[in-house]
Amino acid sequence: MYVKKLALYGLELPRIEGPVNLAKIIIEAAREDGLELEDGDVVVVTSKVLLKSKGLLVNLKDIRPGVRARLIHKFTGKDHVEAEIVLQNSEKVYAVIPTGFLRDRLSEISKDLEAARKALESVKAMMIVRMRNGIIASDAGVDYSNVPPGYAITSNHDFDALAKELREDIKRITGRDVAVVVADTEVFLSNGKVGSIDVAVGSSGIDPLAREFGERDMYGRPKFGGLDIVVDELCAAAALLMKQASEGVPVVIIKGLKYRKSENGVKDVLIAGRRGTVPVLVRILLLNILLKILHIL
Numbered sequence: 005m006y007v008k009k010l011a012l013y014g015l016e017l018p019r020i021e022g023p024v025n026l027a028k029i030i031i032e033a034a035r036e037d038g039l040e041l042e043d044g045d046v047v048v049v050t051s052k053v054l055l056k057s058k059g060l061l062v063n064l065k066d067i068r069p070g071v072r073a074r075l076i077h078k079f080t081g082k083d084h085v086e087a088e089i090v091l092q093n094s095e096k097v098y099a100v101i102p103t104g105f106l107r108d109r110l111s112e113i114s115k116d117l118e119a120a121r122k123a124l125e126s127v128k129a130m131m132i133v134r135m136r137n138g139i140i141a142s143d144a145g146v147d148y149s150n151v152p153p154g155y156a157i158t159s160n161h162d163f164d165a166l167a168k169e170l171r172e173d174i175k176r177i178t179g180r181d182v183a184v185v186v187a188d189t190e191v192f193l194s195n196g197k198v199g200s201i202d203v204a205v206g207s208s209g210i211d212p213l214a215r216e217f218g219e220r221d222m223y224g225r226p227k228f229g230g231l232d233i234v235v236d237e238l239c240a241a242a243a244l245l246m247k248q249a250s251e252g253v254p255v256v257i258i259k260g261l262k263y264r265k266s267e268n269g270v271k272d273v274l275i276a277g278r279r280g281t282v283p284v285l286v287r288i289l290l291l292n293i294l295l296k297i298l299h300i301l
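Each residue of the sequence shown is one higher than the one before, starting from 5 at the first, in our numbering.
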């Protein structure tokens, strides 16, 4: 199972604005770069391009803010339409966090201060929620970038099912059995570091977890670890190519990885269904964020 070398290939795709055959486009883009999909390859695709290929866009004109959205707007300044979209795609709201504390740190987190100020002004607060698909995310994964004006993309979809559909389409065209992982960018807090990282929101054909907890280390002792989230690691690696071209590289093919095949998806390893676990973890997350804010102030 040990691998000493992996090869990652980023694919540039034509602009996708409506329903298209994404599998065919990926295969053609790979062939233009001299690549052929092979059994065991992993195809990492951004959630945005996957949803755009299905025509799953939200028209902001169709959104009618309710009382809760207007209250959030009143107390935090968050756009009431944006708040309503988040609420419509959420099962539970854990917190609404104003983003103003970042104002004094712009020089640390951006090379373009003017653009950073505009971005901060456009997002007055972040909502930490659990979506109806069980995933915990900021602002329910709603995204307004790289979509037509007046539209947004939401992440409250069954990405495991969409990954499986794309995988089956690829196999139907090429005869090759690949794994598909759907990536999305999420705000992340780890070891005192605050930033964003690409994580998996859906997968098909690959076990999301390494499942090596308790295996013996080089000294023969059972280790407290080994439950690596393989699909998240793949998304983080793929993001190194995806982020280099302003999302012009929404697909990355990974060759050479040895992995356990599985029909389980990301939703099968979510903790959302385990009673009491999520509230505790969210409280820890929010406490860490609060301490970070107090430290900055």
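Source of the hints: derived by calculation from the structure; they are not laboratory data.
Be careful, since some hints might not be right.
[Said to hold, decoys possible] Pairwise CB distance ranges, derived in the manner of DEER restraints:
#, residue 1, residue 2, range
1, ALA119, GLY81, 18 to 26 Å
2, GLU118, ASN25, 37 to 45 Å
3, ASP116, LYS265, 38 to 46 Å
4, ALA11, VAL191, 27 to 35 Å
5, LEU39, ASP232, 22 to 30 Å
6, VAL71, GLU36, 24 to 32 Å
7, ASP37, TYR223, 42 to 50 Å
[As the list claims (entries may be wrong)] Straight-line distance between alpha carbons at most 25 Å, and here's what the computed DSS-like set of lysine-lysine pairs gives:
#, residue 1, residue 2
8, LYS168, LYS271
9, LYS78, LYS58
10, LYS9, LYS265
11, LYS58, LYS271
12, LYS168, LYS265
13, LYS175, LYS58
14, LYS78, LYS8
15, LYS262, LYS58
16, LYS28, LYS58
17, LYS262, LYS168
18, LYS65, LYS9
19, LYS8, LYS259
20, LYS128, LYS65
The C-beta atom is built at its ideal place from N, Cα and C for all residues, glycine as well.
Do the hints match the structure? See the list:
1. Here the CB-CB span from ALA119 to GLY81 is close to 20 Å, well matched to the stated 18 to 26 Å.
2. Restraint check, GLU118 to ASN25: a C-beta distance of roughly 40 Å satisfies the suggested window 37 to 45 Å.
3. Our hint of 38 to 46 Å for ASP116 and LYS265 holds, since their Cβ atoms are close to 44 Å apart.
4. Under the hint 27 to 35 Å, the C-beta atoms of ALA11 and VAL191, about 30 Å apart, fit the expected range.
5. Between LEU39 and ASP232 the C-beta distance comes to about 27 Å, which sits within the given range of 22 to 30 Å.
6. At roughly 52 Å, the beta carbons of VAL71 and GLU36 sit outside the given window of 24 to 32 Å.
7. ASP37 and TYR223 have their C-beta atoms about 45 Å apart, which keeps the hinted 42 to 50 Å range intact.
8. Only pairs whose Cα atoms come within 25 Å are accepted, and LYS168 paired with LYS271 is accepted, the gap being roughly 13 Å.
9. Of the supplied pair hints, the one linking LYS78 and LYS58 is violated, its CA atoms being roughly 35 Å apart against a limit of 25 Å.
10. With a CA separation close to 19 Å, the supplied pair LYS9 and LYS265 stays within the 25 Å bound.
11. The straight-line distance between the Cα atoms of LYS58 and LYS271 is roughly 20 Å, inside the 25 Å bound, and the hint therefore holds.
12. Of the pairs offered as hints, the one joining LYS168 and LYS265 holds, with about 13 Å between alpha carbons and a cut-off of 25 Å not exceeded.
13. Taken as a hint, the LYS175 and LYS58 pair is honoured in the structure, with Cα atoms around 19 Å apart against an allowance of 25 Å.
14. Under the criterion of a C-alpha separation no larger than 25 Å, the hint pairing LYS78 with LYS8 is inconsistent with the structure, at around 54 Å.
15. In summary, the hint linking LYS262 to LYS58 is not supported, as the alpha carbons are separated by about 30 Å, beyond the 25 Å threshold.
16. Only pairs whose Cα atoms come within 25 Å are accepted, and LYS28 paired with LYS58 is accepted, the gap being roughly 14 Å.
17. Restraint check for LYS262 and LYS168: the C-alpha separation of about 19 Å stays at or below 25 Å, so the hint holds.
18. Simply put, LYS65 and LYS9 have alpha-carbon atoms about 49 Å apart, too far for the 25 Å limit, and the pair is violated.
19. Of the pairs offered as hints, the one joining LYS8 and LYS259 holds, with about 12 Å between alpha carbons and a cut-off of 25 Å not exceeded.
20. A C-alpha spacing of about 21 Å is found between LYS128 and LYS65, which places the hinted pair at or below 25 Å, so the restraint holds.
Going down the numbered hints, you'll see the structure goes against 6, 9, 14, 15, 18, while the others check out.
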